[in-house]
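Chemist: Chain by chain, the residues run as shown.
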Amino acid sequence: MLAALIIVFREVFEAGLIVGIVLAVTRTVPHRNMWIMAGIAGGTLGACMVAGFAGALSQLFAGMGQELFNAAILSVAVVMLIWHNVWMAQHGRELAGKMRATGLAVAEGSKSLLALAVVVGVAVLREGSEVVLFLYGIMTTDGSSNQGLAIGGLAGLALGAAVCWSTYKGLLRIPPKPLFMVTTALITLLAAGMAAQAVSFLERANWITSLSTTVWDTGWLLSDHSLPGRLLHTLIGYTDQPTAMQLTVYIGVLIMTVALVRLVDSRALSAQASVKVAPPQNL
Amino acid sequence: MTVASIHTKILIAVSALSCVISLSQVHAQQSITVEYSNGQFRPGELPAPADQPLALHVKNRDPKAMEFESKSLRVEKVVAAKSEGLINIRPLKPGRYEFYDDFNAKARGVLNVR
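Chains A and B, in that order, give the protein sequences. Position one of the first sequence corresponds to residue 1 (this note's numbering), numbered consecutively onward. Position one of the second sequence corresponds to residue 1001 (this note's numbering), numbered consecutively onward.
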């Protein structure tokens, strides 16, 4: 039972963290619960489908279907995260200053929510398919110990939900202004970490073979498999043995996101300034 | 440019190409197979050559999915019930590399690289 709990919890832990962060990011946006629930539901449905077709998926691309599928959905999540940060740089100021009519803000806000709902869906889908396969395996075999395993699995799921809730509540303790900076930084790091993870899947599939030397090995200090290691893996993309390519992509995505946000932010700021300066008869 | 020189160039190109192909064949993956049935790896210890990329085929005979995992090999792969998974492994230094089924901690095995 404990083994089942640990296996399931390990898988849902990452998704729990990501959903918690997204909840904190969208705390002021109307209808956000609906979008996030849709993301979770979509991700769960996708996880069941991936689990159901796991065998077939594996056979694609000369046996590398799983790896390429993971790389693809991670890339989608990376794009959505970057896009969200850029969108916030563009509109965050307006939303905060309530310069826009609420209706329009909601309509615009839902675009960004869609991006984050996709991120939630991807997180649930990736972690969930393994949980589904594991639990399904337990349910289909006979034996008296299976009930205990199933209970353990469900307890693991509940613990994952608890991680999500405490991440959310923990972040909300931060006052609104620094919180915005914290979540922007978290999303940027999340994007870079996911991009590096996508690279590692492409490396496993032998689709990326250059820059394959391991840059460092800090497994002795903090293993990927330990709980703190997993926490850092999700939050900042920590890996105990990154390849040069993973590191390059990680840094590249960080720089690109920060540069894009700065560019858009300075434009939004100057646009806002020019609106304030403009004489009223022009309106 | 004469016909002869074109032929020479084609010949050089073809031989260069075949050199590249034969080189890549030298580095071709060595194929290794491990079976998984009744919650156990068979064989429990797999011999493998060092400094050579490996293609590890995991054949899951059980009616349950399993996850082939190894920290030292940096590998993680779900293999569905009654199916086969392929894992690419980079060239390894000699040593013993442990692996296990992440869904069933009792199933363990070793890749013995020499």
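These are computed hints drawn from the structure, not numbers from a lab. Mixed in with the good hints, there may be bad ones.
To be verified - 16 Å max Cα-Cα, derived EDC-like pairs, lysine to aspartate or glutamate:
(1) B:Lys1059 - B:Glu1035
(2) B:Lys1082 - A:Asp217
(3) B:Lys1106 - B:Asp1051
(4) B:Lys1064 - B:Asp1051
(5) B:Lys1106 - B:Glu1069
(6) B:Lys1071 - A:Asp265
Treat the numbers as computed from the prediction; the structure is a model and nothing was measured.
Chemist: Would you list, in rising numerical order, the hints stated earlier that this structure does not obey?
Modeler: Per hint list: 2, 3, 4 and 6 violated.
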